[in-house]
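Participant: Residue numbers (my numbering), protein chains in the order written: chain F, 3 to 249; chain C, 877 to 1182.
Quick caveat, the hints were computed from the structure, so don't treat them as lab data.
For clarity, every value in this text was computed on a predicted model and none was experimentally measured.
It is possible that part of the hints are untrue.
[To be verified] In the DSBU-like style, the derived pairs of lysine-lysine whose C-alpha atoms are separated by at most 35 Å in a straight line are: (1) C/K1057 - F/K23; (2) C/K1104 - C/K1121; (3) F/K21 - C/K949; (4) C/K1057 - C/K886; (5) F/K22 - C/K1057; (6) C/K1060 - C/K1013; (7) C/K988 - C/K1013; (8) F/K21 - C/K1104; (9) F/K21 - C/K886; (10) F/K21 - C/K1057.
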Amino acid sequence: MRLSQAWIIASKDIDIFRKKKSIFYSVIIFPLFVSVGLPLLIYLSSGESSGTADVQSGLPIVINAFAFFFIIGASTLPTAIASYTIVGEKQEQSLEPLLATPTTDSEILLGKCIGALLPPLVAIWIGGVIFMGLIDTFTFRLLGYPYFPNPVMAVIMLLLVPFAAITAVEVSVIISARVSDVRTAQQLGSLIVIPFALVYVLGEINVFPLTVLHLLIIALIILVADRALFSLAVSTFRREEILTRWK
Amino acid sequence: MIDAINLTKKFGDVIAVDGLTFHVHEGDVFGFLGPNGAGKTTTVRMLCCLIAKTSGEARIAGYDTANDDDSLKIRKIIGFMPENVGLYGELSAYRNLDFYARLYDRSEQQRKESIERLLRLLGLWEKKDLPVGTFSKGMKQKVAIARALVHDPEILFLDEPTSNLDPEAAKTVRDFILELKKEKKTIFLNTHNLNEAQKLCDHIGILKTHLLRTGTPDDLKESLWGSKTVIQLEDVNDRIVAAVKQHTSGKVVVEGHRLVIDVINAEKENPGLVGAVFAAGGRIQFVEGLNPTLEDVYLKTVREEQ
């Protein structure tokens, strides 16, 4: 497999993504809200209660819960791009000439995945840096020390966010083979958020607290799921299937 | 350059293409004619290594379409224009072409030169930076042709290149194909348009799941009925018909006031036929040659099959 071919396809998809304002803004707005809006919410709701025992014990739980939103974003945002770059190409019938070029199915699939992964990942990582910066500003005042960086955020940003984004892209590829319009693909793809939301709820009700160990276990489970989904995506993304069986 | 031997494609129990055997010479324009659902697009897809054959053999420039390594080599030397243009509407004409040129490992200089040459030839250079989505159908078709040529392929597969185009845009595309023919490109052309096939093709295959006829346009027309001479008279009587029949071994048919006579060499036979009619007292209004068109050949062939 030639990465250069995959990158040519990915850079084209990213070019299209930048010109498709609706998709562009949908990928930007969520990380922006989480990175700026949630720290502001903490700041506004904390009031004059800095240093109290409630804040000392409760604030880290709230911050960790908010950090989990980046995983939820990573599991939904790539579907917006992946659905467009695959179902959109199918709708515009631009896959056939692409398949006639000297690229392999895997190179095209990898290119599509990179093109759908990179913009949301970059947006989430930038959002994560802003989030940590703002939270540290507030926690320094409220707790007396900067809360980030810490192992929880490292696992979230470096393992869970990319793994969840990969899951989203792979699910989108599989869905794209079975639907014929972008909106349906996006709607079905966004259902991938359900298991992540469930983990979030379990964390909130303390059934499955979002500790480093638990987050690592989740990361491992997603990784295994990603591997299985990858095989399924590869078997779906075959040129003959695309031209003759895809709806 | 293009060889198909017993090439067959089945989708489940449905036979889409049945035992095609043909050869396209280097530098030839080969026209594939056939009604909708005849298997033209399926054949092109098999030849371009987009779908696998069920049986038989297909070779492009000696490479086997069934071999994975060969199929990459084939896709490097072919240009393909599908029936639907399939361009990226958000991207400019230049960016669309540059994307494809990069997939063929063209250097930046090669890409620039090739894209500029093609867009200038097709009259689109001034609009190179506009999004393709804003283009008319004809302009998009031209960009799609440029895309198929951007890497200077040896063989070009064009699937209905002038379908849905207005006459002027269709003529521009046809003229461009004629230019490519002068450059000795091997072209495989799927078309419904019989005039187009007549004007552009060196050889023609008529397909309806299997290959019904193949040959040069002239051979095909000749095979239908050769030439005919029509003599329009003021009145036709038995004496005139007998005189004509004495003068020719070809078939003579009376259609109202017209005699339709099969001839082998019209220039040689017509003076004698006219003389015979005149000697029998016939008063000739006019004489004309009647040659079968490709449309006659196509319709007869397809109807016979039905």
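Participant: Which of the listed hints are broken here?
Facilitator: Violated hints (numbers, rising): 1, 5, 8, 9, 10; every other hint is consistent with the structure.
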